[in-house]
Amino acid sequence: MPSHRFDQAKPFAALGIVVLAWILLPVAVKSFLRSALYEVQAPIAVSASYARDLQDYWAERAQSKNDLLTAGRELRRIYSGYEFEAQQTEALRAEVARLEQLLRLPSNPQYRLEPARIARRDFSGWWQQLVIRKGANYGIPVGAPVVFGGGVVGRVREVHAYTAVVDLITSPTVRLAANLEGDARPVSYQGGINLPFFLSAARGVVEFVPPDVFASAKSPKRLVTSDLGGVFPAGLTIGWVTRLEASADGLFKGGEVALDPRLSELSEVTVLVPLNPT
Amino acid sequence: MHRRWLIPFAAMLLLWSLVGQINHYLAPHGISLFAGGLLVTFAALRLSLRPGLFATALAGLAVDALEPVTFGTHLILFAGLHVVLYHLRSRFPREETILAVVTALLANLALFLAVSFVTLGGHPAANSAWIRLFCDLGCSQVFVTAAAPWFFALQGHALAFAGVDLGEESRHPF
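Protein sequences appear in the order of chains A and B. With this note's numbering applied, the first sequence has no gaps in its numbers, which climb one by one up to 506 at the end. With this note's numbering applied, the second sequence has no gaps in its numbers, which climb one by one up to 613 at the end.
Watch out, some of these pointers could steer you wrong.
[Said to hold, decoys possible] In silico contact screen, one side only, chain B against chain A (beta carbon under 10 Å); selected entries:
| no. | residue |
| --- | --- |
| 1 | Leu-465 |
| 2 | Gly-511 |
| 3 | Ile-537 |
| 4 | Val-541 |
| 5 | Trp-589 |
[Stated by the list, open to error] Covered stretches of chain A (chain B as the covering partner; in silico rule of three or more C-beta atoms under 8 Å from a C-beta of chain B):
| no. | segment |
| --- | --- |
| 6 | 236 to 250 |
| 7 | 272 to 281 |
[Stated by the list, open to error] Where chain A lies over chain B, by a calculated footprint (3+ residues, C-beta under 8 Å):
| no. | segment |
| --- | --- |
| 8 | 469 to 476 |
| 9 | 495 to 508 |
| 10 | 522 to 536 |
| 11 | 571 to 580 |
| 12 | 590 to 601 |
Honestly, the hints are just simulated from the structure, not real lab data. Glycine included, C-beta positions come from ideal geometry on N, C-alpha and C.
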């Protein structure tokens with residue numbers, strides 16, 4: 229009978245040994261194991277991503293010449309518009325540099341733009357993250373801001389040999405310093421409202437909004453990044469504040485932020501790599 | 440000896456990669472699948488304790504490496520579930536596919552709820568999070584029901600191909 233009881237307890241004893249061994253394992257060994265296991269699995273996501281790009285290439289090759297010529301013409305039109313705006317931006321940049329020198333102001337942070345294809349999206353109810361196809365091999369640092377044409381995408385959380393993991397602004401783990409457009413007072417943004425299916429696009433939460441600010445779905449206010457956070461350049465679009473109501477303490481307001489629905493369909497993003505990291 | 444844990448571990452990695460790719464395509468539609476219970480079930484029901492638990496523990500660490508949780512969270516959850524299933528497996532005909540599928544469903548439910556309780560601390564909108572999580576859970580259970588027979592057959596045939604006798608495994612519990 230005691231032998232039978234011991235046989236019954238063996239699995240739990242084994243579990244106890246596993247847990248104890250894990251607790252006592254040095255942190256360096258755990259870090260190495262995590263890194264090694266990630267790198268073993270990374271080629272799977274990256275290869276699948278390259279296979280998807282190849283599939284898209286062959287699908288586009290099947291397009292008729294007329295469709296391609298029309299698309300090329302439209303792109304030329306858009307490109308010439310961007311070319312003019314780029315010239316204006318350069319002129320403005322030179323003017324800002326001249327004024328900074330004249331008034332002895334500190335320079336705004338400068339960034340190198342690093343476009344990266346998305347290898348894998350992981351959008352669960354617990355977290356929202358992307359794996360991009362550039363990592364330490366392109367000098368991507370941890371904490372670098374990630375953007376796209378519509379504004380902020382998120383922040384680089386981990387950097388590996390040739391991939392990096394980005395926390396999306398829809399993730400409840402992401403909190404940003406922000407302000408409403410035209411209002412320098414700081415507010416706080418946090419992601420996390422991700423409803424299923426087509427019930428609603430992803431939304432975030434805004435807090436510590438001054439009580440004299442009003443916003444609604446009919447007259448939303450644009451929420452932009454603040455330079456107080458030290459991560460994102462100021463003025464990038466986070467989303468639109470569509471609802472504000474008084475918080476429990478009555479000192480501030482809180483509400484919801486509607487985010488760009490394109491965030492869930494991105495195939496390419498841009499990482500802003502600081503040129504002069506602090 | 441190594442085949443007894445290496446082959447189930449490789450199969451678990453394959454399933455997790457496939458689920459990851461499916462989730463990539465489902466992301467724009469606001470759905471995500473979780474198949475942690477399916478990973479653990481075959482090893483817990485059919486293998487002896489040491490290679491089964493080793494394969495499950497390694498799979499837990501592999502999942503932890505990809506996800507933004509404390510490294511070791513899935514190791515402990517998967518290993519705990521494995522041990523519970525192992526302890527209970529003598530009470531029902533575990534070779535029956537239907538019962539194994541039911542076990543996988545219950546295991547997946549338990550793991551999903553455990554991961555939810557571990558990760559939802561500090562969520563700014565916990566109520567809306569649970570709506571999303573229940574939808575994900577429903578879709579995940581449908582996926583597990585569909586994929587479980589294939590996954591069990593894959594592991595069984597792979598082990599048989601490698602010369603591992605599952606009947607012999609049952610007779611040597613440890």
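Checked hints:
{"no.": "1", "hint": "Leu-465", "in the structure": "holds (8 Å)"}
{"no.": "2", "hint": "Gly-511", "in the structure": "holds (5 Å)"}
{"no.": "3", "hint": "Ile-537", "in the structure": "violated (24 Å)"}
{"no.": "4", "hint": "Val-541", "in the structure": "violated (21 Å)"}
{"no.": "5", "hint": "Trp-589", "in the structure": "violated (19 Å)"}
{"no.": "6", "hint": "236 to 250", "in the structure": "holds (count 9)"}
{"no.": "7", "hint": "272 to 281", "in the structure": "holds (count 3)"}
{"no.": "8", "hint": "469 to 476", "in the structure": "holds (count 4)"}
{"no.": "9", "hint": "495 to 508", "in the structure": "holds (count 8)"}
{"no.": "10", "hint": "522 to 536", "in the structure": "holds (count 3)"}
{"no.": "11", "hint": "571 to 580", "in the structure": "holds (count 4)"}
{"no.": "12", "hint": "590 to 601", "in the structure": "violated (count 0)"}
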